[in-house]
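Residue numbers (UniProt numbering), protein chains in the order written: chain A, 1 to 211; chain B, 1 to 211.
Wrong hints could be hidden among the right ones.
Said to hold, decoys possible - With a straight-line Cα cutoff of 16 Å, these simulated EDC-like cross-link-like pairs (lysine to aspartate or glutamate) come out:
1) Lys-177/A with Asp-209/A
2) Lys-177/A with Glu-126/A
3) Lys-88/B with Glu-78/A
4) Lys-88/B with Glu-78/B
5) Lys-88/A with Glu-78/B
6) Lys-88/A with Glu-78/A
No lab work stands behind these hints, which were simulated from the structure alone.
There are 2 protein chains.
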Amino acid sequence: MQLYTYYRSTASYRVRIALALKGLDFTAVPINLLVPAGGANRQPEYLAINPQGRVPALRTNDGELLIQSPAIIEYLDERYPQPPLLSKDFVARAHERAVASIIGCDVHPLHNSSTQNLLRQWGHDETQLLEWIGHWISQGLGAVEQLIGDQGFCFGELPGLADAFLIPQVYAAERFKVSLDAYPRIQRVAALAAQHPAFVQAHPANQPDTP
Amino acid sequence: MQLYTYYRSTASYRVRIALALKGLDFTAVPINLLVPAGGANRQPEYLAINPQGRVPALRTNDGELLIQSPAIIEYLDERYPQPPLLSKDFVARAHERAVASIIGCDVHPLHNSSTQNLLRQWGHDETQLLEWIGHWISQGLGAVEQLIGDQGFCFGELPGLADAFLIPQVYAAERFKVSLDAYPRIQRVAALAAQHPAFVQAHPANQPDTP
């Protein structure tokens, strides 16, 4: 498999966690979002791979091109079911997916590079951007804190879908100086992930395109 | 089942489509997001149901409370598998979920009422808001147009997950005066949905809380 990825894209980071949890090998194809003359993601070559011009994209072992991290992770879990990223129980799966959706829908898109760039074009400065980013991260993590469990990873002793979304969001919170003090459960999950080989392997600090 | 819903919330509208496609009965519990003194969604009574204070939320027949429309729709498809909202093939499912995620992650959260309210607090006027909204809807629908098929609904003769996300987004595009001229495939799907009983039943014009 080939993963079109950018080291500190949290959506790429989620898919890297899922691949690592399942022990799946892949080749990283770095897509630099921050080239001054326009990111590699906006070039025709990459737009032919992903018409959205976003990362990640996954080329499967059968040569199929998949986009959108939630769709890619569900694909990986269906195609390579062991170890599972979701519980078997329908209601438990819904709770796990709800945490993923809070982060994937209501937090990250509000502060990713596209959104930050449009806010800059609209005249907002870096201080205002940090305020904007902090608003959405705090709202989302505040909800997640109430939904996850009291021990282990988000929903038990083993990491899964919710953790694959939460840990990259914690990384973004730290990057943008958003306090995690109000979220002891999230801090507990983050501390466990920091010691887990799959999460370490997937971390932005450990990628081929890490500066 | 009980669905906590608001007539023109596109996330509620998605779940209403999924319920209608499966022929599932439910009681609508209207949550008015636009009460002048603070939406019903921000009251303690509703925050106990959904700590995010967003709609929709679903109370299942077993009394379980589920939140986040992507998670609720996947639950419905797993718990009530007929008719299916996703193909059986893993890659096809990934393409269907990718369209849902483009809309659910990269379009709708950028223009929902929470985001509009924060932009207003930041001093942006209604003209600027329409520009902001149009930017994200056009970007997302432009990508979706390239990903869906040449006939029928998004991915074939029968409607499914991608359609349940796309049709509410088309409704939002019309509400916010975003042109659909560049998207003939999307227009075709919208025309089919306008004649389909499940989509008609789920439409914002036909809800108990429609003004």
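Outcome of the hint check:
With a CA separation close to 23 Å, the supplied pair Lys-177/A and Asp-209/A exceeds the 16 Å bound. Restraint check for Lys-177/A and Glu-126/A: satisfied, since their Cα atoms lie roughly 12 Å apart, inside the 16 Å limit. With a C-alpha separation of about 11 Å, the suggested pairing of Lys-88/B with Glu-78/A holds against the 16 Å cut-off. Among the hinted pairs, Lys-88/B with Glu-78/B is consistent with the structure: their alpha-carbon atoms are about 12 Å apart, no more than 16 Å.
For the proposed pair Lys-88/A and Glu-78/B, the alpha carbon gap of about 11 Å is at most 16 Å, so the pair holds. Taking the CA atoms of Lys-88/A and Glu-78/A, the gap is about 12 Å. The hint holds against a cut of 16 Å.
Consistency note: the structure conflicts with earlier hint 1 alone.
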